[in-house]
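Peer 1: Okay, here's what each chain looks like letter by letter:
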Amino acid sequence: MKNSIKLIVLLLISIGTTSCSNDSENTLVNELGNLKKIQEFTNATHSVELYGTKTTLIQGHNEVFLRIKDLTTQQYIQNANMSWLPLMHMTMHTHSCPYSPITKVANKQTLYKGDIVFQMAQNETEYWDLKIDYQINGEEYSMTQVIDVPASPKRNVTSFMGTDNKRYIIALLEPTHPRVALNDMIVGVYKMENMMSFPVQDGYTVKIDPRMPGMGNHGSPNNVHLSQSQTGDLYKGKLSLTMTGYWKINLQLANASGDILKGEEVTEENEASSIFFEIEF
Amino acid sequence: MKKYILLTFFLGGFGWLWAQEKDNDSILPVRLNEIVVIGRGNQLHEKLDKPLATLDEYLQRSGTVDLIKRGSYAWEPLINSMSTERTVISIDGMRIFGACTDKMDPVTSYVEISNLSEAQIQSGQQGSCHGPTLGGAIDLKRHSGEKASMGFSGGILTGYESNAKQRILGGSVKYRDSSFYVLSNITYRKAENYQAGGQREIKYSQFEKINSSITVGYEFLQNQLLEASFIFDEAQDVGYPALPMDVSLAKAWIGSVKYAWAPKKHWVKHWETKLYANSITHFMDDSKRPDVPIRMDMPGWSDTYGYYSKIRGNKDAHAWTVNFNGFYNRSLAEMTMFSNNPNEPDMFMYTWPDIRTLYNGVFVEDVITLNCHQTLHWNLGMGVHQNRVNNDFGLASLQIFYPDMPSVNTRFLKSVGTQFNHHWNDFKLLLGAGYGERAPSVSEGYAFYIFNSYDLFDYIGNPNLKNEKSLETSVGLEYQKSSLKMQFKSSYFRLLDYIIGIPQNEWLPMTIGAQGIKQYQQLSYANLWHNQFSWEFKVLPNLRWNGQLVYSLGTDSENRNLPFLSPLQYRNELQFKKDDWVATASVLGNATQTQYSPFYGENRTPAYAIVNLSAGYQLRWEKQKLQIQTGVENVLDTFYATFADWNNIPRMGRNIFINLNFSFGE
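So the sequence lines, in the order shown, correspond to chains A and B. So this note's numbering is basically just the index in the first sequence, starting at one, shifted up by 1440. So this note's numbering is basically just the index in the second sequence, starting at one, shifted up by 2.
Some clues are possibly wrong.
Residues of chain A clear of chain B, computed beta-carbon distances all greater than 12 Å [to be verified]:
| id | residue |
| --- | --- |
| 1 | E1480 |
| 2 | T1493 |
| 3 | A1591 |
| 4 | E1633 |
| 5 | S1637 |
Here's a subset of chain A near chain B, in silico, CB distances under 7 Å, partners left out [stated by the list, open to error]:
| id | residue |
| --- | --- |
| 6 | G1602 |
| 7 | M1655 |
| 8 | S1680 |
What the simulated footprint calls covered on chain A by chain B, stretch by stretch (three residues with Cβ under 8 Å from a Cβ of chain B suffice, anywhere in the stretch; the number is not a length) [as the list claims (entries may be wrong)]:
| id | segment |
| --- | --- |
| 9 | 1613-1624 |
| 10 | 1658-1667 |
Bear in mind the hints are in silico, worked out from the structure with no lab data behind them. All residues carry an ideal CB built from backbone N, CA and C; glycine is no exception.
Starting from the given sequences, assemble the full structure and let the hints guide the process.
Peer 2: Here you go:
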């Protein structure tokens, strides 16, 4: 009798524990939704998985999602404090790029995210790596790994020196699925303070003039130039696309006083600005 | 050339051909009836001197109708100098809408003269029976099975025209017995490029088309008829020299089912209900043009489903008509531009973004015989008109210009008209007035970068337009005594909220070579004054002199001239008719167009005059007939263009034609 009870209790416990862990495994996997795995970093104690809307990182803006797993317990950690530093190792020097801090995704237990803007792609000799530092329960950890940053097929980021002798980077965030419509357009505008620091540039205006070079360089009506609603924010405006095809979004960067720091107006003589994005759909 | 002219004179002599009292001829049109009072009975039958002319050439004889010509085929009719947005063109009461954003396919291009018995042209509010109109209406009436001869009848027709080497071949077969009839008809035309005066070839003016129709009717019980009818029309390789594109295919399927009741002793004289559907496919392409900045395909589709139920009755001095009618139309047109750069994809957009139109309305008319020489005629119409942008891509396109635009827009349209006729001695006086409203057309409301090659602007529609309105008055005087008949008519229209394209400088055009963008907007008013004077004088028993003068004026609220105003137009014709012979000689022309409109892209058209000659002979056996018609148009090979020719495209030079019609059983 006692033996049977023990057996039953053991059975119940084993069912209970195993079923519990199955459930948690299911909810954790579901937190990813449609995200695709890009890469996995490991050190002795943890593994960090990188996810995104595509299977690779790419030149330009990337929204990166992360999960951190304890290798011993195989559990995803819900209370890690994460930060990162992307670095490009070039032949002459090393530099970073604009990036945001890593934050926990709202309403998710194990998912973190951050944004990185790679202003250049890798090549045969020059490459990017990512250093991830994290703190769990007061303990500090770190890992660094080379990441793959191929060139984007259509220009979505531009890096240049303004007339004020400062370097700037403008990256295209939206539209990712352009339509024949007045599309919401979002860009990030960053200034280069030094090789490692690329904070948000506040208070400027990004003027846009979308054109179709394959069709007499015609434009579109009712575009709204991009500006910030508050400091630290992304820049928002409206991009008017009147038909499908290949569009060149000509840009001009204006400072708070309205002086044009880079980029030219499109006219009869000047077919395109020196800074532009490309959209094809 | 000279030899041909001499031969024509020799063959023709000076004799008249037609004096047909029967109106059941399957080939030749019966009458051109410009209706002033609804309900005219059988008229004097007048035939064209060129029976196998296209319908356009036939309509041109009317003083109320002008035709805008973009090619040698499919001309757009103007009624009282107003184009198709302001008029109603129907086929046997069926509404039908073209599928081309550039108006290359007016309704008249889908019917052949050989299947029509008449084109009923009504001016202003008198024409609102089949739908709301401002300028008037043309109803193309096909042959009635009830008037066919008993037994088998039909014919073969063939023709040739020298200028464009146009070949025409057609035939018809009809059968009728006491309760059943079948009418069938087929016509084929093919023409090469035509030549303007001085043997100047107008490239890209060729066309080829086939038109076939069948009507089956069954008369059952007493005075009840059930009829089904079908038209199939297909044109291929049609050139439009005045435009930058041609038409590779224009196809129409037009079908209807009709039930009619004509009781003998009842206050209802006739009650006809019809259900119909038509589908038009129209493909524009520029593959034949050697030099285009970018190649494009522009297909368009227009499908219409509709009904009408028309009751006519008499009570005492009233002859009334009530017509319930409605239709549902889908208009869709696209543009695909083929990229010159192989690395770039093709470009696509909607020029008519899938617009649906639903209309239901009622029209009431009463002709009151006040006494033996006065009649009063009034009509009233009202309807609900709704437009909807049916696809998201299309709606998002237009929302680039109108961000808060809803997809549905509903309007209420009303119209009223009246006419008073007074006979005394040999005179008849007509006084008329009316008010009408119309909804903007699919292009006016929803066009997305439609290029107009006349003024070189891209047009953008405006879904916020109000109804366009018209206040009209007309006065007419007719005199008829023994050998002389004269008619004068003057109509004045005050159009309110006049819809027209206005340049918008802050929007950049899209079409390569365009000067800018025009948005459809409304001017507070525009004035139109249309005058026509015609006469018929029997000089001798066998010789008749017909003439016509037309003159129009029109300005908008900025005092600019309106487009397509006819300068003084004249037509003088001598007709000789004796036994089986017919001959005509005519001179027609325009004075210089001084009231032209640079704002709307027009330039000054010089004066011109052309001379036409024709002769015909009819051979008759028992139940068979052979009619031979031949002639020369533009005898002097004058090089000319009219005010209504798009981009001043010149008209045909000298053209020698011969038509042979063989008919049997009639």
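Peer 1: Work down the list of hints and note, for each, if the structure agrees.
Peer 2: Okay, the hints, checked on the actual structure:
Even its closest Cβ contact with chain B, about 36 Å, leaves A:E1480 beyond 12 Å, as expected for a residue assigned away from the interface. Under the 12 Å C-beta cut-off, the non-interface status given to A:T1493 relative to chain B holds; the minimum distance is some 22 Å. At roughly 16 Å from the closest C-beta of chain B, the C-beta of A:A1591 stays outside 12 Å, upholding its exclusion from the interface. Every CB of chain B lies more than 12 Å from the CB of A:E1633, the least distance being 38 Å, so the non-interface label holds.
The beta carbon of A:S1637 sits about 38 Å from the closest Cβ of chain B, which is more than 12 Å, so the claim that it is off the interface holds. Checking A:G1602 against chain B: minimum C-beta separation of about 27 Å lies over 7 Å; hint violated. At a threshold of 7 Å, the smallest CB-CB gap from A:M1655 to chain B is about 6 Å, leaving the interface hint in force. The restraint placing A:S1680 at the interface with chain B holds, with a minimum CB-CB distance near 5 Å, inside the 7 Å limit.
Against chain B, the segment 1613-1624 of chain A contributes 4 residues with a C-beta closer than 8 Å to a partner C-beta. That satisfies the three-residue criterion, and the hint holds. Figure legend: the segment 1658-1667 of chain A, annotated as covered by chain B; annotation consistent (5 residues with Cβ-Cβ distances under 8 Å, at least 3 required).
In summary, the structure is inconsistent with hint 6 from the numbered list given earlier, while agreeing with all the others.
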